Amino acid sequence: MTEKTNLIAGVTGDWEIVIGLEVHAQVTSDAKLFSGAATTFGAEPNTQVSLVDAAMPGMLPVINWKCVEQAVRTGLGLKAQINRYSVFDRKNYFYPDLPQGYQISQYLQPIVGEGEIEIDLEGGAVKTVGIERLHLEQDAGKSLHDQHPDLSFVDLNRSGVALMEIVSRPDMHSAGEAQAYVKKLRAILRYLGTCDGNMEQGSMRADVNVSVRKPGDELGTRCEIKNVNSIRFIGQAIEHEARRQIDVIEDGGKINQETRLFDPKRGETRSMRSKEEAHDYRYFPDPDLLPLTFSAEFVDDIARTLPELPDDKKKRFMDDYGLSAYDAGVLVSEAENADFFELAAKGRDAKATANMVIGSVFAGLNKAGLTIADSPVQAEQVGQLVDLISDQTISSRIAKDVFDLMFDEGSDQGRDPSDIVEEKGLKQVTDTGAIEAAVDAVIAANPDKVEQAKAKPKMAGWFVGQVMQSTGGKANPQAVNQLVLAKLGIEDQ
Amino acid sequence: MTQDSDLTRLTLAQARDGLRAKSFSAQELTRSFIDRVAASDKLNAYILATPELALEAATRSDKRLADGDARPLEGLPIGVKDLFCTSGVRTTACSDILGDFTPTYESKVTENLWQDGALMLGKLNNDEFAMGSSNETSAFGPCINPWQTDDKTPLVPGGSSGGSSAAVAARLGLAATATDTGGSIRQPAALTGTVGLKPTYGRCSRWGIVAFASSLDQAGPIARTVRDSAIMLTSMAGHDARDTTSADISVPDFEAALTGDIRGLRVGVPQEYRVDAMPSEIETLWQQGMDWMRDAGAEIVDVSLPHTKYALPAYYIIAPAEASSNLARYDGVRYGARKPGADIDDMYAQTRGAGFGEEVQRRLLIGTYALSAGYYDAYYLKALQVRRLIAQDFEKAYEKCDVLLTPTTPSAAFALDKAQADPLEMYLNDVFTVTVNLAGLPGISVPAGLDANGLPLGLQLIGKAFGEEELLRAAEVLETAAGFSSEPTEWWNAS
Numbered sequence: 001m002t003e004k005t006n007l008i009a010g011v012t013g014d015w016e017i018v019i020g021l022e023v024h025a026q027v028t029s030d031a032k033l034f035s036g037a038a039t040t041f042g043a044e045p046n047t048q049v050s051l052v053d054a055a056m057p058g059m060l061p062v063i064n065w066k067c068v069e070q071a072v073r074t075g076l077g078l079k080a081q082i083n084r085y086s087v088f089d090r091k092n093y094f095y096p097d098l099p100q101g102y103q104i105s106q107y108l109q110p111i112v113g114e115g116e117i118e119i120d121l122e123g124g125a126v127k128t129v130g131i132e133r134l135h136l137e138q139d140a141g142k143s144l145h146d147q148h149p150d151l152s153f154v155d156l157n158r159s160g161v162a163l164m165e166i167v168s169r170p171d172m173h174s175a176g177e178a179q180a181y182v183k184k185l186r187a188i189l190r191y192l193g194t195c196d197g198n199m200e201q202g203s204m205r206a207d208v209n210v211s212v213r214k215p216g217d218e219l220g221t222r223c224e225i226k227n228v229n230s231i232r233f234i235g236q237a238i239e240h241e242a243r244r245q246i247d248v249i250e251d252g253g254k255i256n257q258e259t260r261l262f263d264p265k266r267g268e269t270r271s272m273r274s275k276e277e278a279h280d281y282r283y284f285p286d287p288d289l290l291p292l293t294f295s296a297e298f299v300d301d302i303a304r305t306l307p308e309l310p311d312d313k314k315k316r317f318m319d320d321y322g323l324s325a326y327d328a329g330v331l332v333s334e335a336e337n338a339d340f341f342e343l344a345a346k347g348r349d350a351k352a353t354a355n356m357v358i359g360s361v362f363a364g365l366n367k368a369g370l371t372i373a374d375s376p377v378q379a380e381q382v383g384q385l386v387d388l389i390s391d392q393t394i395s396s397r398i399a400k401d402v403f404d405l406m407f408d409e410g411s412d413q414g415r416d417p418s419d420i421v422e423e424k425g426l427k428q429v430t431d432t433g434a435i436e437a438a439v440d441a442v443i444a445a446n447p448d449k450v451e452q453a454k455a456k457p458k459m460a461g462w463f464v465g466q467v468m469q470s471t472g473g474k475a476n477p478q479a480v481n482q483l484v485l486a487k488l489g490i491e492d493q
Numbered sequence: 494m495t496q497d498s499d500l501t502r503l504t505l506a507q508a509r510d511g512l513r514a515k516s517f518s519a520q521e522l523t524r525s526f527i528d529r530v531a532a533s534d535k536l537n538a539y540i541l542a543t544p545e546l547a548l549e550a551a552t553r554s555d556k557r558l559a560d561g562d563a564r565p566l567e568g569l570p571i572g573v574k575d576l577f578c579t580s581g582v583r584t585t586a587c588s589d590i591l592g593d594f595t596p597t598y599e600s601k602v603t604e605n606l607w608q609d610g611a612l613m614l615g616k617l618n619n620d621e622f623a624m625g626s627s628n629e630t631s632a633f634g635p636c637i638n639p640w641q642t643d644d645k646t647p648l649v650p651g652g653s654s655g656g657s658s659a660a661v662a663a664r665l666g667l668a669a670t671a672t673d674t675g676g677s678i679r680q681p682a683a684l685t686g687t688v689g690l691k692p693t694y695g696r697c698s699r700w701g702i703v704a705f706a707s708s709l710d711q712a713g714p715i716a717r718t719v720r721d722s723a724i725m726l727t728s729m730a731g732h733d734a735r736d737t738t739s740a741d742i743s744v745p746d747f748e749a750a751l752t753g754d755i756r757g758l759r760v761g762v763p764q765e766y767r768v769d770a771m772p773s774e775i776e777t778l779w780q781q782g783m784d785w786m787r788d789a790g791a792e793i794v795d796v797s798l799p800h801t802k803y804a805l806p807a808y809y810i811i812a813p814a815e816a817s818s819n820l821a822r823y824d825g826v827r828y829g830a831r832k833p834g835a836d837i838d839d840m841y842a843q844t845r846g847a848g849f850g851e852e853v854q855r856r857l858l859i860g861t862y863a864l865s866a867g868y869y870d871a872y873y874l875k876a877l878q879v880r881r882l883i884a885q886d887f888e889k890a891y892e893k894c895d896v897l898l899t900p901t902t903p904s905a906a907f908a909l910d911k912a913q914a915d916p917l918e919m920y921l922n923d924v925f926t927v928t929v930n931l932a933g934l935p936g937i938s939v940p941a942g943l944d945a946n947g948l949p950l951g952l953q954l955i956g957k958a959f960g961e962e963e964l965l966r967a968a969e970v971l972e973t974a975a976g977f978s979s980e981p982t983e984w985w986n987a988s
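Those sequence lines, one after another, are chains E and S. The opening position of the first sequence corresponds to residue 1 in our numbering, with each subsequent residue numbered one higher. The opening position of the second sequence corresponds to residue 494 in our numbering, with each subsequent residue numbered one higher.
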């Protein structure tokens, strides 16, 4: 269903964007799809190349069952149909980083069929995006054009690495929906452990199909934007491409089906090749490989080891912990984040813990550019800090200071909160005598304010603030409040 | 002739037994073959001789023989078709495009042979990338058939394994490895009076063999006798995890299957193999073969393989289609010959234009065309359907019989340049052999007689899938009955 807010205005009226995505996700596995060569990122060029990857004469591909298992696991995670009979085809074209002269892929009979993903939109809304298929294929190597004045070099480390191409239905209608789709897909893959989702390292990238139409019209002609490698760029590419297409049509032109490239520096797409220039890939079944078949038990065994996925976890967080949809959504976006929260919240107030995890930990990590694995503050320490607030050892305000000490670089980084509170004498003052003295001092020093407060009871807050200041924030705020009201003779409101 | 050369008259089985009986040493045996190879340049059977490696291996074999530690093929010198990758020894598939390519790895089939004690005399000529039926498309020039007629016209040894057949016929090795995609073992064997065995698809690993058409290629031996072929296959065959299409079944001792007893065997004769313009002497020989089999206690059964006439067209779609993709890796980027070009596309065009011969280019173009958008359904898919029908023909026939008997080729060896002039005529050489590849079955050519000009003719037996034991048993009976003992005159021998 298209929402009105997704329409964009042109001079001839409103337009609807139609978006479908082909996401290439590198399969997490120790070896390549058809060879035993390693797949470690960042290795020296051409150090992870087997005879098969270099397409030496007489070399033959042998399927890596770990990759098959990962594809099935992903299919199950996408609630998709698993095809126990699929076929590897050759996609033929010449390029220096394609040693065989063909890519082994799956064309007519992919390993995974139709499935779906629920994506989370702003304001807590949820939308289902259809998955058309998932197939296994080989990655190509990498051409290096900047190593020599006249020659290009080729690095075959990636040659033959297993990719899953996950094709969505054209169900998305805004850049935001497409971004939410990729985020959700990435989260699912990470939960499953089938792809690390690392877009900077190229282990996940998207081909974005964009067309525009007047609402209710037939689908427009689409353009495919190749190899977009960040969620931000996906948004920019769609926004730019949709606007470009609308302008072309409204100027009386026609959209040509073509492949385009996104230029992140200029924030625009430009033509790569037209439909007429498109390759004839001459797909045919790879005669070196038998059809890929496996038993129902193979699938069942994988299904039994499937982890709790983001949607289920989110629902559980809302039901069991009483969290809001928003908080639960933030917490489950990464499996590691959710685990961190659950560890921190164990046996204590979940809502307070969620606030601390989201408001302090995630905010701090975000600012410092760190991931949860690098957090200087451990989940158990976050829990201790929550405990210190709930047993009134410290106030929420002091807790914030303590957290900063634990988080920021310095001699207190990574220390237990109780040690810091103890050592720095940050314990909340609950001794009424001491608080009373402080209140008396403030009242004595400000007779004019006392008069004002009697007329305007809200002025009590000013006294509370003064007392908190004079006690270095350590006074129990409730106790201070009660004493101020009592001394000023104001009824407790 | 030296006394040593007598050792080359031995069959592989006799040489094996002689070595074990210490009648001669592996070095003596090897040296006599090396000498003969060195005097055989006119045949152009070997494109690379490796005498030093052979003698080193023979020395090691003699040690094992002395220690009583002999393996099944200990010390037996053989030739290797240049399609098999041999570690540290140049491998070119007889194409310029591979240049001086020297693999760092050994094909599974040759590795099996070396592990069983065999040793290599050198690399044998073949049609470029195994594409041809006359060995004339080789970048190293044609291999010449040791057999000649009285007029001394140079004849082809068949192809693509022409070097293998010529070498075995001229006693330049006890046996040779070969490969068969559409008849490339059986046709050259028939044209040279040798035995050529194409095993069931999947019997031998294709790992390390330069690919022509992956779904059809199969390695096998060319040897002087059926027994030698059985011994060779026992070592060559076996499952290989590195070739997904190799069959995970055990390898029997094929030599043990040669009992000489085929009583009750039902020998099918397919009526569709009586093609127009087949020389009457081949027709006669075929009839003779039936009589021999019947005399040995077999029953002759008429069978029908109705889709035979579509086999050749289907083969010449499927094989080139696969080849067009298999040979894409020869692009000048990583190994082999490279010709510079203005840009990368030009470099490809220059390299492949110069590196591939005419016949290979023709088949790459046919194959590329057959797989192109808009033609795929009409050509490639249709050919696959025909292939299925042909396989079903055999299944039906095997309800009535156990093996099939046919001629191997429609003619005896022909003159050089004859087939080259007309590719279609050359393709017709495969008319009796391609069906077997399309169905993935085992087939063997046995020398059965001479034509009017004194040239050898072969008969082919076709078995059931993985029925090599029965096939070899029948072939040995046919061989014995035919009693083929002619030899070519040694016009080529320079010693």
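Please keep in mind that the hints were generated in silico from the structure rather than gathered at the bench. As the structure is a prediction and not an experimental result, all values here were calculated from the model. All residues carry an ideal CB built from backbone N, CA and C; glycine is no exception. Careful: at least some of the hints might be erroneous.
What the hints assert, rightly or not - With the Cβ distance kept under 8 Å, some of the chain S side facing chain E (calculated, not the full set):
1. C578
2. S580
3. R699
4. E815
Against the structure, the hints:
no. : hint : verdict
1   : C578 : 5 Å, holds
2   : S580 : 12 Å, violated
3   : R699 : 6 Å, holds
4   : E815 : 5 Å, holds
Hint compliance for this structure: hint 2 is the single one not met.
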